[in-house]
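Participant: Residues per chain are reported as follows:
Protein chains: 2
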Amino acid sequence: MFNYLIVGCGLSGVTCARLLAEKGKKVLIVEKRNHIAGNAYDFYNNDGILVHKYGPHIFHTRFKEVWDFLSRFTQWRLYQHRVLTYIDGKLVPMPINIDTINILYGTGYNSLTIHDFYDKVKRKDINIQNARDMVISKVGEELYEKFFKGYTKKQWDLYPEELDKEVTARIPIRYNRDDRYFSDKYQGIPLYGYTEMIKNMLDHENISVLLQTDYKDIQDEIKYDRMIYTGPIDYFFDFVFGKLPYRSLRFEEETLNMEYYQKVATINYPNDYDFTRITEFKHLTGQKSNKTTIMKEYAKSEGEPYYPIPTQENKELYDLYKREAKILDGVYFIGRLGKYKYTNMDVVVKEAMELIDEIE
Amino acid sequence: MFNYLIVGCGLSGVTCARLLAEKGKKVLIVEKRNHIAGNAYDFYNNDGILVHKYGPHIFHTRFKEVWDFLSRFTQWRLYQHRVLTYIDGKLVPMPINIDTINILYGTGYNSLTIHDFYDKVKRKDINIQNARDMVISKVGEELYEKFFKGYTKKQWDLYPEELDKEVTARIPIRYNRDDRYFSDKYQGIPLYGYTEMIKNMLDHENISVLLQTDYKDIQDEIKYDRMIYTGPIDYFFDFVFGKLPYRSLRFEEETLNMEYYQKVATINYPNDYDFTRITEFKHLTGQKSNKTTIMKEYAKSEGEPYYPIPTQENKELYDLYKREAKILDGVYFIGRLGKYKYTNMDVVVKEAMELIDEIE
Ligand SMILES: Cc1cc2nc3c(=O)[nH]c(=O)nc-3n(C[C@H](O)[C@H](O)[C@H](O)COP(=O)(O)OP(=O)(O)OC[C@H]3O[C@@H](n4cnc5c(N)ncnc54)[C@H](O)[C@@H]3O)c2cc1C
Ligand SMILES: Cc1cc2nc3c(=O)[nH]c(=O)nc-3n(C[C@H](O)[C@H](O)[C@H](O)COP(=O)(O)OP(=O)(O)OC[C@H]3O[C@@H](n4cnc5c(N)ncnc54)[C@H](O)[C@@H]3O)c2cc1C
Numbered sequence: 001m002f003n004y005l006i007v008g009c010g011l012s013g014v015t016c017a018r019l020l021a022e023k024g025k026k027v028l029i030v031e032k033r034n035h036i037a038g039n040a041y042d043f044y045n046n047d048g049i050l051v052h053k054y055g056p057h058i059f060h061t062r063f064k065e066v067w068d069f070l071s072r073f074t075q076w077r078l079y080q081h082r083v084l085t086y087i088d089g090k091l092v093p094m095p096i097n098i099d100t101i102n103i104l105y106g107t108g109y110n111s112l113t114i115h116d117f118y119d120k121v122k123r124k125d126i127n128i129q130n131a132r133d134m135v136i137s138k139v140g141e142e143l144y145e146k147f148f149k150g151y152t153k154k155q156w157d158l159y160p161e162e163l164d165k166e167v168t169a170r171i172p173i174r175y176n177r178d179d180r181y182f183s184d185k186y187q188g189i190p191l192y193g194y195t196e197m198i199k200n201m202l203d204h205e206n207i208s209v210l211l212q213t214d215y216k217d218i219q220d221e222i223k224y225d226r227m228i229y230t231g232p233i234d235y236f237f238d239f240v241f242g243k244l245p246y247r248s249l250r251f252e253e254e255t256l257n258m259e260y261y262q263k264v265a266t267i268n269y270p271n272d273y274d275f276t277r278i279t280e281f282k283h284l285t286g287q288k289s290n291k292t293t294i295m296k297e298y299a300k301s302e303g304e305p306y307y308p309i310p311t312q313e314n315k316e317l318y319d320l321y322k323r324e325a326k327i328l329d330g331v332y333f334i335g336r337l338g339k340y341k342y343t344n345m346d347v348v349v350k351e352a353m354e355l356i357d358e359i360e
Numbered sequence: 001m002f003n004y005l006i007v008g009c010g011l012s013g014v015t016c017a018r019l020l021a022e023k024g025k026k027v028l029i030v031e032k033r034n035h036i037a038g039n040a041y042d043f044y045n046n047d048g049i050l051v052h053k054y055g056p057h058i059f060h061t062r063f064k065e066v067w068d069f070l071s072r073f074t075q076w077r078l079y080q081h082r083v084l085t086y087i088d089g090k091l092v093p094m095p096i097n098i099d100t101i102n103i104l105y106g107t108g109y110n111s112l113t114i115h116d117f118y119d120k121v122k123r124k125d126i127n128i129q130n131a132r133d134m135v136i137s138k139v140g141e142e143l144y145e146k147f148f149k150g151y152t153k154k155q156w157d158l159y160p161e162e163l164d165k166e167v168t169a170r171i172p173i174r175y176n177r178d179d180r181y182f183s184d185k186y187q188g189i190p191l192y193g194y195t196e197m198i199k200n201m202l203d204h205e206n207i208s209v210l211l212q213t214d215y216k217d218i219q220d221e222i223k224y225d226r227m228i229y230t231g232p233i234d235y236f237f238d239f240v241f242g243k244l245p246y247r248s249l250r251f252e253e254e255t256l257n258m259e260y261y262q263k264v265a266t267i268n269y270p271n272d273y274d275f276t277r278i279t280e281f282k283h284l285t286g287q288k289s290n291k292t293t294i295m296k297e298y299a300k301s302e303g304e305p306y307y308p309i310p311t312q313e314n315k316e317l318y319d320l321y322k323r324e325a326k327i328l329d330g331v332y333f334i335g336r337l338g339k340y341k342y343t344n345m346d347v348v349v350k351e352a353m354e355l356i357d358e359i360e
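Sequence lines, in order, name chains A and B. In terms of full-length UniProt numbering, the numbers along the first sequence are unbroken and rise by one, the last being 360. In terms of full-length UniProt numbering, the numbers along the second sequence are unbroken and rise by one, the last being 360.
Each hint should be verified, as a subset may be incorrect.
Identical chains share a label here; the pair holds if one copy fits it or two copies do between them.
List of simulated lysine-lysine pairs, BS3-like, C-alpha gap at most 27 angstroms [said to hold, decoys possible]: (1) K291 <-> K339; (2) K32 <-> K146; (3) K90 <-> K146; (4) K90 <-> K339; (5) K154 <-> K339; (6) K154 <-> K26; (7) K32 <-> K216; (8) K185 <-> K263.
If you're looking for bench data, these hints aren't it; they were derived computationally from the structure. Note that the structure is predicted; figures quoted are calculated from it, not measured.
I would like the entire structure built from these sequences, with the hints used as guidance.
Facilitator: Okay, structure coming up:
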């Protein structure tokens, strides 16, 4: 009766569902949580402040087709993310740019002279093998120690030398004064929130949404032709090759009786305290209130799967599962859990669009 | 695989689901809308104000067991509803009490002398047949004209003499100064809203919730033992005896840049304008904001089924369906649509509790 059973109601699953529904396919989405929107879920908390349940989510993309697609379902608040990082008692822009250096060292570099600085500190002689090498090849050991070492250890409980170079490669080093966290052409927050946008995406007569249900409990009950699976790939195969490791997070939410707690949406704490960062949601959402909610993030090893841990060993384990997945007929694995890969929202939407193009 | 299929995710269905789940039964709720909570659904609108989508809902009951049951899933804001009605350019308390009379007529009655007034105006000689008789037997023709005739006509597009006496019997006439709309012992609004309370009720591993799905589209697909049906009873039987008439509503929501729009939660307009009443949600929810959302209600004949129309003819039609329902094995009809009867929230919860007691 259903053409597609989609496991997971995050952006991957919902994008597939919408596109399939528009092609006349009947779709059932099964989601084990009690809400739609996956990790992009936002909601009004008990103090009436719009918060992101699974950590702050900022949408940014260079893919016009992704921006245009989502813009069918939401207007945007044209927000551009800014992050400060707390180093030696000072708040400095992150990623590192000219101002970061000048504030930290009391220097006066400009865009003509900053090259001299980076040239002086960076290590040119190394063969980049891991996340530590990646950083010191660009900014040397001192900035590595201040900005990256502690943060990475908190976040992964691993030192950068134990992690793939891609982990730190994602964060640029700037030769200008651009203090935006991302430099993608399209950036914003859905004007009424992610959940609202995703609700609009789901608003189609060919889509049914089954919440609070693990797909394994109903897959034999429901007739369907094909499956799109956005859950953890190891769970699909009953962990036959062992569990794929994930890094998890604990989110500590706090509402304060003040208009604003900090000057920007996110402040990183690489070296102080146990949390990695503090986010204040009103900066993201633009909501007005005389209260404000902040969120501290603590990394931990057990719990909900958030970040695939990018080590060589884990990649090899994933490849075993991937091989099994390839053999299956009519089952497609996508999304950050289906592919065991940290992926931003825009990329999961893009990959979902490509998948549907390919199979329908 | 499911012990129960429950049609409708309003308070009737959810109460049954929770009680069954706690008895170890596996339950699937099917809901055609894209949200839980039925007509009690509340949500934060685009201006960040918590509103009731299907008109203002105030919880009030004299049943301790109902209050205690729901209190497992929510704390309460101890709100007591107050309504004013706009008569001859004045705002007076509704239901009619001593102050209503004194403001309207410039008199000085007190609880010792108010009997004289009602005795003078009420019609003692009539045999109460309909909703008009009911009122004039208590307060006479003039107050009937001012408070009831216009409101009833707007609300039902019928004159009170065309409606069952129960319609106006629900509204008391007070011999004291109690200006609360309800006088039940337990009154309140779920502290974080109805949707949040109902989400907590649903939070049980034996409950699955299928949204955006008409039960007819999946009932043959899913294995279940028994059904609890809280949708419209005539739809269940494919309207074989004809459609049961409902009165519908159009809700007009408006957000204003002011702290409060009116002094109380609800003001009735029996004679002026086309809407029946204006509700300002912040009075109900206690939310603080420098904006406020108000809702005007317009009654209409077509649309979502809200109020069963209490006429003799409709009761007879309903009885035909009820007879069919009785014959069925393992299907139970409850709730305001299943029983074609206007029922307050507390009563649907009570009836659901009784049903589960009876069948399990
Ligand atoms: C802390 C944090 C911050 C982030 N910030 C950003 C950001 O700022 N910008 C950005 O672009 N991206 C960000 N991301 C990434 C973003 O969250 C992902 O790109 C996105 O959530 C992926 O969508 P998805 O649909 O693949 O997965 P998900 O959103 O995780 O959805 C998968 C769904 O499948 C469900 N599921 C799993 N197993 C089962 C099962 N057995 N049965 C039924 N359902 C199941 C899960 O409950 C989940 O709801 C962030 C991620 C994290 C962890
Ligand atoms: C304007 C208004 C104001 C009210 N104010 C109050 C108040 O102040 N206090 C109070 O106590 N009560 C109030 N009520 C009454 C209250 O709304 C009801 O008591 C309550 O909603 C009944 O719950 P229910 O579960 O029986 O029905 P509902 O809440 O209507 O739930 C039934 C559900 O079944 C779903 N459904 C129908 N057909 C199908 C189908 N074919 N397949 C799948 N799903 C289906 C519907 O979409 C709906 O969500 C008010 C009612 C209205 C209309």
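Participant: Against the earlier hints, flag every one the structure doesn't satisfy and list their numbers going up.
Facilitator: 1, 2, 4 and 6
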